[in-house]
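K.L.:
With the hints as constraints, model all of the structure from the sequences given.
What follows is the residue order along each chain.
Protein chains: 2
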Amino acid sequence: MNVVNVQDKLDLFSDHWHPRIIAELNGQAVKIAKVKGDFIWHAHKEEDELFFVIKGTLFIEFRDETKTIREGEMLVIPKGVEHRPYAPEEVSLMLFEPLQTKHTGTVDHEMTKTHLESI
Amino acid sequence: MNVVNVQDKLDLFSDHWHPRIIAELNGQAVKIAKVKGDFIWHAHKEEDELFFVIKGTLFIEFRDETKTIREGEMLVIPKGVEHRPYAPEEVSLMLFEPLQTKHTGTVDHEMTKTHLESI
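Those protein sequence lines, which keep their order, are chains S and Z.
Quick note, the first sequence lines up with residues 1 to 119 if you use this note's numbering.
Quick note, the second sequence lines up with residues 1 to 119 if you use this note's numbering.
The set of hints was computed from the structure by calculation and includes no laboratory data.
Hints may contain errors.
As the list claims (entries may be wrong) - With beta-carbon atoms standing in for the labels, derived distance ranges:
(1) Val107(Z) / Lys113(S): 37 to 47 angstroms
(2) Lys55(Z) / Lys36(S): 24 to 34 angstroms
(3) Ser14(Z) / Gly72(S): 17 to 27 angstroms
(4) Asp15(S) / Pro78(Z): 27 to 37 angstroms
Ideal Cβ positions, reconstructed from N, Cα and C, are used throughout, including at glycine.
P.N.:
This is the structure we're talking about:
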């Protein structure tokens, strides 16, 4: 059992759109990522996904609207809902989702990370 | 789909040791609570539990050590591990755990809240 300092973990990397696992529990993972620029349209077939913004302002485009998630705010995206995150300025975020969730969902793309490290 | 501001939700209540649900996903709940003083010894038989400190300093006593969790830090307590949270000063925290998790685990106590509201 180790106490995890989220900012210390964020300081370990600087690449974008590459989540790392910082905790696991009940088959779920807590992941962190830094993002900047545009991600791709995707959906997760079987998993709801939670975004919690640690720093910055994240936008998530849906087919009919765009949500703005600011520091200290969270949004749950239900399974099956197509979404496209983007961030004009760098955002640090925390994700809570099942361990097996791929960040590009059912889409296979050059941005897809097939193996996520625990840090 | 609603964006949830964690601090706004914390501002809705002031009682201690009474978690509220602010998001649900994949059978898991995100809960928030304010705590101050001593909680009871308990364990969760089937569920790992994550504590994430939003504000303040939380202490969690185990049978062989005490962990200190500061603002921006988290700790996962594996199922079955007896623990006793305490907080000399008020702490605001977020919990990730299965929806059905009772905050006093397998212990039935006057502090036990049997039904948690979503706010």
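K.L.:
Against this structure, judge whether each hint is valid.
P.N.:
So, going through the hints one by one against the coordinates:
1. Val107(Z) / Lys113(S): 37 to 47 angstroms: The hinted range 37 to 47 angstroms holds for Val107(Z) and Lys113(S), with Cβ atoms some 41 angstroms apart.
2. Lys55(Z) / Lys36(S): 24 to 34 angstroms: 28 angstroms, holds
3. Ser14(Z) / Gly72(S): 17 to 27 angstroms: At roughly 19 angstroms between Cβ atoms, Gly72(S) and Ser14(Z) fall inside 17 to 27 angstroms, so the hint holds.
4. Asp15(S) / Pro78(Z): 27 to 37 angstroms: With a Cβ separation near 31 angstroms, Asp15(S) and Pro78(Z) satisfy 27 to 37 angstroms, so the hint holds.
The earlier numbered hints are all upheld by this structure, with none contradicted.
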